[in-house]
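**Student:** Knowing the structure of chain A, use the given hints to seat chains B and C on it.
Protein chains in written order, with the numbering used here: chain A, 4 to 497; chain B, 18 to 189; chain C, 178 to 712.
Any given hint could turn out to be false.
[Said to hold, decoys possible] What follows is a set of in silico ranges between Cβ atoms, one per label pair, in the way DEER data are often shown:
#1 B:178 x A:273: 36 to 42 Å
#2 A:493 x C:477: 32 to 38 Å
#3 B:67 x A:370: 24 to 30 Å
#4 A:89 x B:132: 37 to 43 Å
#5 C:224 x B:164: 40 to 46 Å
#6 C:222 x A:352: 51 to 57 Å
#7 A:185 x B:164: 38 to 44 Å
[To be verified] Restricting the straight-line Cα-Cα distance to at most 27 Å, the calculated cross-link-like pairs of lysine-lysine (DSSO-like) are:
#8 B:51 x A:462
#9 A:125 x A:337
#10 C:204 x C:660
#11 A:484 x C:700
#12 B:44 x C:448
#13 A:462 x B:73
#14 A:462 x B:83
#15 B:44 x A:484
#16 A:484 x C:448
#17 A:462 x B:139
#18 A:429 x B:79
#19 A:429 x B:156
#20 A:484 x B:51
#21 B:79 x A:411
#22 C:290 x C:212
#23 A:243 x B:176
#24 C:476 x C:201
#25 C:337 x C:665
#26 A:100 x A:125
#27 A:484 x B:83
#28 B:73 x A:484
#29 B:44 x A:462
None of these hints come from the bench; they were simulated from the model.
No residue lacks a Cβ here, since even glycine has one placed at the ideal position from N, Cα and C.
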Amino acid sequence: MQDTIIKKVLIANRGEIVCRILRSLRNMGISGVVVYHPIDADSPAVQMADETVEIDGDTPVAAYLSVENIISACQKTGADAVHPGFGFLAENAEFAKRLAEEEILFIGPSPESIELMGDKIKARSFCLSNGFPLAPAISGDEGEESFLDQARQIGVPLLIKAAAGGGGKGMHIVREIEDLEQAIGIARGEALRFFGNDAVYAERYVEQPRHIEVQVLGDNYGKVIHLGERECSIQRRFQKIIEETPAPGLSNELRENICATAVEIAEKTGYQNAGTVEFLLAPNDEFYFLEMNTRIQVEHPVTEMVTGIDIVEMQIRIAQGEAINFSQTDVCSKGHAIELRLYAEDSENDFLPATGTLLVYDMPGGEGVRVDNGFREGMTITSAFDPMLAKLIVYAQDRPKAIERAIKALDHTIVLGVSTNIDYLKRLLSHSAYQAGLVNTGFIPQYANDLASPSLSDKQINLLLAAAALSNRDFSDPAFKLPEIHASIGNWRN
Amino acid sequence: MRRQIDLHNNHFEVTVLEKSGFERFGKKLLQIEKNAPQFVDLAVNETGEGTIQFGKQSTSIKMAVKGETVFIHAFNRIFSLNIIDPIEHAASKVGGRSGLSRAPMPGTVVDINVVEGDQVKKGEPMMTIESMKMLTVIKAPRDGEVAQVHLESGQTFEKNRVLVTLAEEEEL
Amino acid sequence: MRRIQSSIDVQSTEFRTHDRYNRKLVKKLRDDQHKARYIRPDRDIDRLRRQNKLLVRERIELLLDPGTPFLELSTLAANMAYDGTVPGAAFVSGIGIVNGREIMVMASDSSIKGGAWYPLTVKKMVRTLDIAIENRLPVIHLVDAAGAFLPLQSYLFADKYHAGRIFRNQCRLSALGIKQVALVLGHATAGGAYVPTLSDYSIIVRGTGGVFLGGPPLVKAATGEDVTADELGGADVHASISGTADYAVNSEQEGIALVREIVGGFPQPQKAAVERREPEEPYYNVEELYGIIPDDVKKQFDIREVIARILDGSRFHEFKPDYGSTVVCGFGYLYGWSVAVIGNNGVLFSDSAQKCTQFMQICNRDRIPIIFLQNITGFMVGKDYEHGGITKDGSKMLMVQTNLDVPKLTIMINGSFGAGNYAMCGRAYDARFLFSWPNSQISVMGAEQAVKTLTHIRLNALKRKGSSISEVEEKRINDDIAKDYMEKAGAYYSTSQMWDDGIIDPADTRKVLGIALSTALNKEFKETANGILRM
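Bound-form chain A, shown alone (with noise of 0.2 Å):
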């Protein structure tokens, strides 16, 4: 490999991915700059650091998002290059041009690929022109009679959507022609009210669909290869909690057609950079092209795992102009690895972000395990960002025992001082379907009454309570001792 040119990476971002590029950047002996609000002034991430810059904003997320913020602190320290991570300014175009302008090195893709790829019409007609596989869909912009014809058309089970939404709102399912007209009444309905926008559009309905993405490298070149799929259809609240590769069940033949036609599509945007597209995988075999993030994923760490590329490294090494110097066949995928998201969360209470004190805060270790931490042991969980508070991967020879060492993982992890998910996780990947790789979007809502909180016996209920009562201040603070002749009288009356 080449000696570097960049010689400092300002990190935009903050918690666990600023110490995953902090990592990669050391072993490239590159120095590493993080900018942080004040809240986040005892994080990992800072300690770790070889430069800080303190940043402020309205709120913690503002801080973050300010493009001024990101250029002065550069400016101050002399960085050459910026690591954007994922979120915040990672899928912002303006801001890549302003670091152009700045002639400061964007560690991503080209500001037109952000723009064309961060725009879901604008991509979905890209994809549409140039005949990659899409979900049938129609918009409501030739009047209700051709709209609700097509969508006869496509069939059901059809999904309406609207057209300014996401979130999952405004969103119906029709299952049966009849309730299409009053369907769509209900849900222009919803966009109005939640978008300000009455537009909607039909799209297929994918049953039970799973959620299979492909990893994309592409250097300043043309040359565009895959890093093999991963796995990401357990989500809740539309959030993945788990992901894995290789994909459970996939014949290598339409592995080998979704990587291709991933690559395919990032040959056609020029892509240059990391990249991931997601598909939806019907039943049936077909899939559709859903959306492409022009950034480095949560989920990396397990086609790091099983490919051993560092992707951060490779993402730095592109943008300074090295070529991809090795070919598609080159790159082979070995063993299986999951990624567990620990989030700081009820999973008994709808999954709500909880807060607190990490007063214990044990991560697992040994073979196979990896830890991509933000947090440590003292620090407080606010609601001022996204939950997560690590990323647990394991890796094994196979699914059955990458399982298996998940859970012996998941039993080694111990976060005391607020809510996680940690039991749920371990809950799920005992189930039996996610044993036989039988996954898809709707896993968590379908088995909500398996993976629900087993019951205590009395037993253990009445060892909890013993040990929390003895624990409590109030029940050992010697204020409130009882004097020595009535505690050995007792509960006596004359």
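**Tutor:** Chains B and C only, in chain A's frame:
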């Protein structure tokens, strides 16, 4: 010493009795609800690891305490128990006529629909809050008059914070 | 310390006869106490439930620490007054533990006449507050009273130790730094309004609690104003507007939890310095007392057998055993505290009076609290004894006993007649606590003698009027006088009149004295000057 302890939203009355002097030097008896009291022993080291023994049963645990909340890792699961202050417990039991609306989760105030003095009906929306990009509407728990709105639009809060208080009702 | 060697034969007929007799008395005591405490007409209980009120003992059980004793005082007050319609004088007093602290509970029993104040209620309240003052006990008032019982107002209003003394005592408690917490769960009207207002912390329950100098009917009668109890002096009025109360709560349970929180913040008292050692249960079975105490007040028994079933390990160091043997003086331990016991083993003679006097001086100097076990028919009478100075020696004993600085606790275990009652620390002599056994008797002289004398007087009076009395009539007069005399000399009458702090089961004596002593030691004591001893 007697307290109500909350485990998974179930309340248990727990009493610790001292049996001082004479035969049982300093040993404690623990009574759960009205069951027979048993001798109890908690032995943990400085990292919170150890054993809890209750009568003839025992198990290993790891625990940490913050204020009135006890976090315990036992039986390969994690639990949090709350020791309830007796006054708050007594106050909360005044049969569902409470006029306090508490935050179900941490978040930010997005929209406020009422002002002090407004008359509201049960179920009427009073405030909209946002947490992790989810909107939740806080509704009136009963008919009544808004006595106080405790936060302004844009303010953040933690779980259980009192958001709106309805005025005390007339003679019970 | 050596143990008392008991010589009781539990198999003897005498023991078994006494045992049966005393167990019967104790059973009657427990049944009567149970009735006085719990049996109420349904309609009274229903009324309280409709008003959303708990019964007084339900409140007390919620207030006290679990696993702790409650020593109730004078449960049977007024049992022979007001035709027995006001059990306990509609008031509950007792010593209990709240959040580890010894306190005195004073609670109106609103299930009886709405908790109205009868003359004996007032006497009980004054006595209870006196105990609180003498022993530095914080007081918790559970206020729920209808007001004074008007028909008997002349017996409870104007005199020095009538109702005014209640509030005077509260003011003294306050000045002495002894805390009072009041929870108003009903009405506190007229004078009663001062009970919570003079307390350091005053809590009113919304909806049922009310504090006002004049209630709604009085206000209506006086000024024509129409106002509800709540509007006049309810929880929110006093907690938010007038400042007469400090807290308003939504329920009795919340109020009681709040009282507990307040008391939990009180400092733990320092006990007076008295020698201590490791406690020890008595060696002998305390229930043997039932067989030891005779079924006739004139029968003798050895007081040491009683002492052996009260003190730690039944250990007792008897002082001057060979001199003045009709009184037993000695040292021992009670729940670990060093104590002295003075108990009668017959009539008081000069030598026994002198021994007591000397012994009490030692106890006072060496800070040893004294337990008096009264079983005394009186001082010896007769020429030889008068010439020997028995009156003088009795007066010395009385002088030293009265001026003792150490805490005194008295138990009436059998007869207590005449000056002997006084010398042995009777009610007038400021024992911190005085309890009676069910078999005990108390009067100015033994019944036999007294009845004879009274009958003689009555007959003479009738004869002077010219009536002639047949033998049968004589007997009837004698029997009537005897019945009346015996009734007024029994423990039940004594406790009804509040001449004692309650009748106790003899087998409970150790526990009762232990709690009483622990309470008494909350007050520091110092040696003060003694009076003149007529030598």
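**Student:** So, for every hint listed, does it hold in this structure?
**Tutor:** Taking the hints in turn, this is what the structure says about them:
Taking the beta carbon of each, residue 178 of chain B and residue 273 of chain A are about 51 Å apart, not inside 36 to 42 Å as hinted. Taking the beta carbon of each, residue 493 of chain A and residue 477 of chain C are about 36 Å apart, inside 32 to 38 Å as hinted. Checked against the hint of 24 to 30 Å, the pair residue 67 of chain B and residue 370 of chain A passes, with Cβ atoms roughly 29 Å apart. Distance hint check for residue 89 of chain A and residue 132 of chain B: the Cβ-Cβ separation is about 42 Å, which falls inside the suggested range of 37 to 43 Å.
A hinted range of 40 to 46 Å for the beta carbons of residue 224 of chain C and residue 164 of chain B is inconsistent with their spacing of about 33 Å. For residue 222 of chain C and residue 352 of chain A, the Cβ-Cβ distance of about 43 Å falls outside the hinted range of 51 to 57 Å, so the restraint is violated. Distance hint for residue 185 of chain A and residue 164 of chain B: a CB-CB separation of about 43 Å, consistent with the stated range 38 to 44 Å. As the CA atoms of residue 51 of chain B and residue 462 of chain A are separated by approximately 15 Å, the hinted pair is consistent with the 27 Å bound.
Of the supplied pair hints, the one linking residue 125 of chain A and residue 337 of chain A is violated, its CA atoms being roughly 36 Å apart against a limit of 27 Å. In summary, the hint linking residue 204 of chain C to residue 660 of chain C is supported, as the alpha carbons are separated by about 23 Å, within the 27 Å threshold. Between residue 484 of chain A and residue 700 of chain C the alpha-carbon distance is near 20 Å, which keeps this suggested pair within the 27 Å criterion. Proximity of residue 44 of chain B to residue 448 of chain C is assessed by CA-CA distance (about 24 Å); at most 27 Å being required, the pair is judged to hold.
Taking the CA atoms of residue 462 of chain A and residue 73 of chain B, the gap is near 10 Å; set against the 27 Å cutoff, the hint holds. Restraint check for residue 462 of chain A and residue 83 of chain B: satisfied, since their Cα atoms lie roughly 25 Å apart, inside the 27 Å limit. Annotation: proposed proximity of residue 44 of chain B to residue 484 of chain A holds, straight-line Cα distance about 13 Å (limit 27 Å). For the given pair, residue 484 of chain A sits about 15 Å from residue 448 of chain C by alpha-carbon distance, which is consistent with the 27 Å threshold.
With a CA separation close to 41 Å, the supplied pair residue 462 of chain A and residue 139 of chain B exceeds the 27 Å bound. Of the supplied pair hints, the one linking residue 429 of chain A and residue 79 of chain B holds, its CA atoms being roughly 18 Å apart against a limit of 27 Å. With a CA separation close to 36 Å, the supplied pair residue 429 of chain A and residue 156 of chain B exceeds the 27 Å bound. For the given pair, residue 484 of chain A sits about 22 Å from residue 51 of chain B by alpha-carbon distance, which is consistent with the 27 Å threshold.
Restraint check for residue 79 of chain B and residue 411 of chain A: the C-alpha separation of about 17 Å stays at or below 27 Å, so the hint holds. Proximity of residue 290 of chain C to residue 212 of chain C is assessed by CA-CA distance (about 16 Å); at most 27 Å being required, the pair is judged to hold. Taking the CA atoms of residue 243 of chain A and residue 176 of chain B, the gap is near 24 Å; set against the 27 Å cutoff, the hint holds. A C-alpha spacing of about 18 Å is found between residue 476 of chain C and residue 201 of chain C, which places the hinted pair at or below 27 Å, so the restraint holds.
Of the pairs offered as hints, the one joining residue 337 of chain C and residue 665 of chain C holds, with about 25 Å between alpha carbons and a cut-off of 27 Å not exceeded. For a cut-off of 27 Å, the pair hint linking residue 100 of chain A to residue 125 of chain A stands: about 19 Å separates their Cα positions. For the hint pairing residue 484 of chain A with residue 83 of chain B, the CA-to-CA distance comes to about 22 Å; that is within 27 Å, so the pair holds. Using a Cα cut-off of 27 Å, the hinted pair residue 73 of chain B and residue 484 of chain A holds, with the two alpha carbons roughly 26 Å apart.
Restraint check: the Cα-Cα separation between residue 44 of chain B and residue 462 of chain A comes to about 21 Å, which is no more than 27 Å; the hinted pair holds.
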